[in-house]
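Participant: Please model the complete structure; the sequences and the hints are all you need to start from.
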Amino acid sequence: MESNSALYAPCPSLPNVQEMVRTDPFQVPEKYIRNETDITKDAGLCPHLSSEVPIIDLSLLSKGHKEELTKLDQACKEWGFFQVVNHGVATEVTKSLKEAAEKFFELPLEEKNRIAMPSNDIQGYGHTNVDQKVLDWSDKLVLVVYPHQYRKLDVWPPTPFKEAIETYSSEVRRVGEELLRSLSLIMGMEKDAVLGLHQELVQPLSVAYYPQCSMPEKVLGLSAHSDKGSLAIVMQEDDVMGLQIKHNGKWVPIKPIHDAFTVNVGDIIEIWSNGKYKSIEHRVVTNESRARISYSTFCLPHQNAEIEPLDQMILASPGSFPLYKKVTYGDYLRETKKMKSEGKAHVVEVAKIVS
1 MESNSALYAP
11 CPSLPNVQEM
21 VRTDPFQVPE
31 KYIRNETDIT
41 KDAGLCPHLS
51 SEVPIIDLSL
61 LSKGHKEELT
71 KLDQACKEWG
81 FFQVVNHGVA
91 TEVTKSLKEA
101 AEKFFELPLE
111 EKNRIAMPSN
121 DIQGYGHTNV
131 DQKVLDWSDK
141 LVLVVYPHQY
151 RKLDVWPPTP
161 FKEAIETYSS
171 EVRRVGEELL
181 RSLSLIMGME
191 KDAVLGLHQE
201 LVQPLSVAYY
211 PQCSMPEKVL
221 GLSAHSDKGS
231 LAIVMQEDDV
241 MGLQIKHNGK
251 WVPIKPIHDA
261 FTVNVGDIIE
271 IWSNGKYKSI
281 EHRVVTNESR
291 ARISYSTFCL
301 PHQNAEIEPL
311 DQMILASPGS
321 FPLYKKVTYG
331 DYLRETKKMK
341 SEGKAHVVEV
351 AKIVS
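With the UniProt record's numbering applied, the sequence shown corresponds to residues 1 to 355, in that order.
Treat the hints as calculated values from the structure; they're not laboratory data.
Note that the Cβ used here is the ideal one computed from N, Cα and C, for glycine as well.
Be a bit skeptical, because a hint or two may be false.
In silico DSSO-like pairs for lysine-lysine, Cα to Cα no more than 30 Å straight-line [unchecked claim]:
| # | residue 1 | residue 2 |
| --- | --- | --- |
| 1 | 325 | 338 |
| 2 | 191 | 71 |
| 3 | 66 | 191 |
| 4 | 63 | 276 |
| 5 | 71 | 325 |
| 6 | 152 | 98 |
| 7 | 31 | 344 |
| 8 | 218 | 344 |
| 9 | 250 | 352 |
| 10 | 352 | 77 |
| 11 | 344 | 250 |
| 12 | 325 | 352 |
| 13 | 250 | 278 |
| 14 | 71 | 250 |
| 15 | 133 | 250 |
| 16 | 338 | 218 |
| 17 | 276 | 344 |
| 18 | 95 | 71 |
| 19 | 276 | 191 |
| 20 | 325 | 337 |
| 21 | 250 | 338 |
| 22 | 77 | 338 |
| 23 | 255 | 66 |
| 24 | 31 | 337 |
Each pair of labels, with its calculated beta carbon distance range [stated by the list, open to error]:
| # | residue 1 | residue 2 | range |
| --- | --- | --- | --- |
| 25 | 77 | 238 | 24 to 30 Å |
| 26 | 174 | 23 | 40 to 46 Å |
| 27 | 237 | 133 | 26 to 32 Å |
| 28 | 95 | 174 | 17 to 23 Å |
| 29 | 153 | 55 | 33 to 39 Å |
| 30 | 302 | 88 | 24 to 30 Å |
| 31 | 290 | 90 | 23 to 29 Å |
| 32 | 63 | 95 | 25 to 31 Å |
| 33 | 110 | 35 | 32 to 38 Å |
Facilitator: See below:
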């Protein structure tokens, strides 16, 4: 049976961006350079909107606090994105992961390449978006942490990084489950309904290293896209900005909040909600002076899970008809993987019912 991790994208070997910068900080190969249209893409930059990004208190959500559930509903509907505070993940847990990741990326390339991604999978150290015309200015360590049977321990980093990943991922899994339970409630279902729709919650972790770049205005650390799962839970560095989200056609830079997680709605929540909650398009920019590391945990359904708009969300929609087709999650991934376009075109082409 095909593993969940093999569904994403095979990863041919590519140059290591961190090593390129270390060897020659002024080198930016043509395959990474985007034209001005690609960078701006009909969306101006609106830094003043950063202060309006919704903030959700998980301690209140977990108690079923009605006002906080209403805030979550509005955040998912109007932004597709929010920051989570009071999530209960201890500072020493997040600090341990950050320290271990920094040490890992400081290792010589030959040591990191001992856990390089194989050519037919995404787990390990290397690159994931390799089929694009223009490459992303980043290197990644990608691991499927849960369920255990999808782990490929031969491409896991050594201790203490391995232990830090285990502890952090267990805690973030709890956060993800709490958020999915709250989504169940605001979609008018029993608390565990959305978790049940996943069949089995699959949880990859992506640790991305974005080196500094001598021409930051010409590259992207991560191309504009929406996530193909249910939720993404991201830990950013406190003092280095890079993440930008698309809101009302404009790019909004996200200023990290100390000890907060940034969370965005993925394509599957958009389909289940019949479009009430839109998956958020986002990207990562680089800078000239400092490298940046981010830690993204994804909540995904099992590949056999059936994805379609929920009955109560259809009834609550204008016209009371479904906007998306029924598809298994594995088929959705396979079809979107074939597409080369960035942004959200894959959602329309694979799942949207075109009238």
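Participant: With reference to the structure, classify each hint as holding or not holding.
Facilitator: Now the hints, each set against the structure:
{"no.": "1", "hint": "325 with 338", "result": "18 Å, holds"}
{"no.": "2", "hint": "191 with 71", "result": "17 Å, holds"}
{"no.": "3", "hint": "66 with 191", "result": "14 Å, holds"}
{"no.": "4", "hint": "63 with 276", "result": "24 Å, holds"}
{"no.": "5", "hint": "71 with 325", "result": "29 Å, holds"}
{"no.": "6", "hint": "152 with 98", "result": "22 Å, holds"}
{"no.": "7", "hint": "31 with 344", "result": "23 Å, holds"}
{"no.": "8", "hint": "218 with 344", "result": "22 Å, holds"}
{"no.": "9", "hint": "250 with 352", "result": "23 Å, holds"}
{"no.": "10", "hint": "352 with 77", "result": "18 Å, holds"}
{"no.": "11", "hint": "344 with 250", "result": "15 Å, holds"}
{"no.": "12", "hint": "325 with 352", "result": "6 Å, holds"}
{"no.": "13", "hint": "250 with 278", "result": "15 Å, holds"}
{"no.": "14", "hint": "71 with 250", "result": "22 Å, holds"}
{"no.": "15", "hint": "133 with 250", "result": "24 Å, holds"}
{"no.": "16", "hint": "338 with 218", "result": "26 Å, holds"}
{"no.": "17", "hint": "276 with 344", "result": "16 Å, holds"}
{"no.": "18", "hint": "95 with 71", "result": "29 Å, holds"}
{"no.": "19", "hint": "276 with 191", "result": "19 Å, holds"}
{"no.": "20", "hint": "325 with 337", "result": "18 Å, holds"}
{"no.": "21", "hint": "250 with 338", "result": "28 Å, holds"}
{"no.": "22", "hint": "77 with 338", "result": "29 Å, holds"}
{"no.": "23", "hint": "255 with 66", "result": "27 Å, holds"}
{"no.": "24", "hint": "31 with 337", "result": "21 Å, holds"}
{"no.": "25", "hint": "77 with 238: 24 to 30 Å", "result": "28 Å, holds"}
{"no.": "26", "hint": "174 with 23: 40 to 46 Å", "result": "42 Å, holds"}
{"no.": "27", "hint": "237 with 133: 26 to 32 Å", "result": "29 Å, holds"}
{"no.": "28", "hint": "95 with 174: 17 to 23 Å", "result": "18 Å, holds"}
{"no.": "29", "hint": "153 with 55: 33 to 39 Å", "result": "37 Å, holds"}
{"no.": "30", "hint": "302 with 88: 24 to 30 Å", "result": "26 Å, holds"}
{"no.": "31", "hint": "290 with 90: 23 to 29 Å", "result": "26 Å, holds"}
{"no.": "32", "hint": "63 with 95: 25 to 31 Å", "result": "27 Å, holds"}
{"no.": "33", "hint": "110 with 35: 32 to 38 Å", "result": "35 Å, holds"}
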